[in-house]
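Numbering-wise (the numbering used here), the sequence shown opens with residue 1 and increments by one.
Treat the hints as calculated values from the structure; they're not laboratory data.
Fair warning: there could be bad hints in the mix.
Here are the in silico distance ranges between beta carbons for each label pair [what the hints assert, rightly or not]:
1) 112 with 303: 29 to 35 Å
2) 165 with 97: 32 to 38 Å
3) 69 with 243: 29 to 35 Å
Note that beta-carbon positions come from the ideal geometry of N, C-alpha and C, so glycine has one too.
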Amino acid sequence: MTIDRTFAMDKRFVVSRAVVKPKGQFFRRLTPYLFLSPVFILFIAFKLYPYGYAFWLSFTSRRGGKVTFVGVDNYLRLLGDPLFRKALSNTATILAIQVPIMLVLAIALAVAFNSILLKLRSLWRMTYFVPIVMGLVAYGILLSMLLNNQYGLVNYALNAAGLPRIPWLADPFWAQISIMLALTWHYTGQKAIIYLAQLQTIPSDLYEAAAIDGASGFQQFRHVTLPGLKPAIILTTVLSSIGTLQLFDEPYVLTNGGPDNATLTIGMYLYLNGFKYFDFGYASTIGYALTIIIGVVSFIQFRLLGDARS
1 MTIDRTFAMD
11 KRFVVSRAVV
21 KPKGQFFRRL
31 TPYLFLSPVF
41 ILFIAFKLYP
51 YGYAFWLSFT
61 SRRGGKVTFV
71 GVDNYLRLLG
81 DPLFRKALSN
91 TATILAIQVP
101 IMLVLAIALA
111 VAFNSILLKL
121 RSLWRMTYFV
131 PIVMGLVAYG
141 ILLSMLLNNQ
151 YGLVNYALNA
161 AGLPRIPWLA
171 DPFWAQISIM
181 LALTWHYTGQ
191 KAIIYLAQLQ
201 TIPSDLYEAA
211 AIDGASGFQQ
221 FRHVTLPGLK
231 PAIILTTVLS
241 SIGTLQLFDE
251 PYVLTNGGPD
261 NATLTIGMYL
271 YLNGFKYFDF
281 GYASTIGYAL
291 TIIIGVVSFI
301 QFRLLGDARS
């Protein structure tokens, strides 16, 4: 009987302890949110609020020194704006030509960096990765000096080889080529390092099995290397496309959008409307149009390239 009473008392004690909440439990639950509050505040102040304010600005226009609500007028203006279509066409051209060339070169470099036949592999990897460390404005100024029509080192070398000078930054066609060369030089090494990291995750057993089955080097590359690189290819394709659609630094420093608007990009056109013409409403409209374009392009790329986990 004594044991039963003791058990009953212990049981009541356990129940009573379960019912009574520990003192300060509310504050203990609140503590993690207090520590995270600076992040939330900064995110709201520097992310959510600018996005929301820019969206509201896209429906306004500054007239007579006053901000006026104009509805969808800015979006209708955008649809009929020839300069926006020109900027979109320039950006699409650079995206369609430069990004594939850069990614193909990066894959070739990654395969070379991963080869056991290459001597001083670490030195070569570092050499090709160095350009990404250089600031965008700094390397833009450097390239503008190298490609200068009159005293640039590139044209000097062409003359020394008996070839004619090329108007790199003065001709619309060559100005676009210059932008593509600058982007390729700056970002190829970075993409090659990403591919190299992915290559090193491919099991060597797959190559050994392919070699036993009589697969040539090209067949091994096609059926082993490329499928193994698929996650990295999707990642670099999407990120490179987004970066190209937002292109600003290179055309701003090298050509300032010229000549004849040949290198005017969407990013540059947004900047000009916002900070040169102070038409922030229209600039916000361009920004949201660019956001939609990036979303559509990224969705199409994911659909075409497939799931990275497949």
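Hint by hint, here is what the structure shows:
1. 112 with 303: 29 to 35 Å: 31 Å, holds
2. 165 with 97: 32 to 38 Å: 23 Å, violated
3. 69 with 243: 29 to 35 Å: Given range 29 to 35 Å: holds, Cβ gap about 34 Å.
The earlier numbered hint that this structure contradicts is number 2, and it is the only one.
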